[in-house]
Amino acid sequence: SAVISQKPSRDICQRGTSLTIQCQVDSQVTMMFWYRQQPGQSLTLIATANQGSEATYESGFVIDKFPISRPNLTFSTLTVSNMSPEDSSIYLCSVSTGGYTEAFFGQGTRLTVV
Amino acid sequence: AQKVTQAQTEISVVEKEDVTLDCVYETRDTTYYLFWYKQPPSGELVFLIRRNSFDEQNEISGRYSWNFQKSTSSFNFTITASQVVDSAVYFCALISGTYKYIFGTGTRLKVLA
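Chains as they are written, first to last, in the working numbering: chain A, 234 to 347; chain B, 19 to 131.
No lab work stands behind these hints, which were simulated from the structure alone.
As the structure is a prediction and not an experimental result, all values here were calculated from the model.
Incorrect hints may appear among the rest.
To be verified - Keeping only pairs whose Cα atoms sit at most 25 Å apart, straight-line, the calculated SDA-like set for lysine to any residue is:
#1 B:Lys118 <-> A:Phe308
#2 A:Lys240 <-> B:Trp84
#3 B:Lys56 <-> A:Val347
#4 B:Lys88 <-> A:Gly332
#5 B:Lys21 <-> A:Lys240
#6 B:Lys128 <-> A:Lys298
#7 A:Lys298 <-> A:Leu344
#8 B:Lys118 <-> A:Val262
#9 B:Lys118 <-> B:Trp84
#10 B:Lys118 <-> A:Val347
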């Protein structure tokens, strides 16, 4: 298993601003993912964070809105840019060794945009 | 198309009752894996079980048991003698050819003392 530290745990932000969320893992992992979970909803994959290269985004998510960095195998950041109230969600970092393996999740960042 | 359906949005039971959470999946792949995760109020998803498409044996782990039936494309989760600490949102998920998780919409379980 992996221990994932995600910061901040929660934040309230003004519309039009940006927030960067950090994800730190206690061991080197192959795959890192960022998910969004809107209130009372399921998890939606935003992107796969690739080490040393551009993230792979899912349909409906773009780099300008959700820039992602992954400088090494244990750390990644997700930025939510030019926020609007519709971005209010829980953002979750997840890691796995790839393939069909189980994933491990951080505690999430509860973002409220006012 | 791949899909996971958890038809039960919310279930309430009284402590010590047994409860079954339903999960129905769709995939055209012959190789796939099914998962259950628990999301307590603290927010992080906790891995409970992984099952591959070639292993239909039921599994029991303490008060938890899982029933996998390919004939009905179901992977149901039963908690025996439920406890208040079982209160959480439970997600069923599928990975097949794309190696990406497909999550169901979750079932919120409330166990009342």
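Each hint, compared with the structure:
Between Lys118 (chain B) and Phe308 (chain A) the alpha-carbon distance is near 20 Å, which keeps this suggested pair within the 25 Å criterion. Of the pairs offered as hints, the one joining Lys240 (chain A) and Trp84 (chain B) is violated, with about 34 Å between alpha carbons and a cut-off of 25 Å exceeded. With a CA separation close to 30 Å, the supplied pair Lys56 (chain B) and Val347 (chain A) exceeds the 25 Å bound. Between Lys88 (chain B) and Gly332 (chain A) the CA atoms are separated by roughly 21 Å; this keeps the pair inside 25 Å, and the hint holds.
With a C-alpha separation of about 31 Å, the suggested pairing of Lys21 (chain B) with Lys240 (chain A) is violated against the 25 Å cut-off. For a cut-off of 25 Å, the pair hint linking Lys128 (chain B) to Lys298 (chain A) is broken: about 36 Å separates their Cα positions. About 15 Å separates the Cα atoms of Lys298 (chain A) and Leu344 (chain A), which keeps this hinted pair within 25 Å; it holds. With a C-alpha separation of about 16 Å, the suggested pairing of Lys118 (chain B) with Val262 (chain A) holds against the 25 Å cut-off.
Restraint check: the Cα-Cα separation between Lys118 (chain B) and Trp84 (chain B) comes to about 22 Å, which is no more than 25 Å; the hinted pair holds. Restraint check: the Cα-Cα separation between Lys118 (chain B) and Val347 (chain A) comes to about 32 Å, which exceeds 25 Å; the hinted pair is violated.
Checked against the numbered hints above, the structure violates hints 2, 3, 5, 6, 10; every other hint is satisfied.
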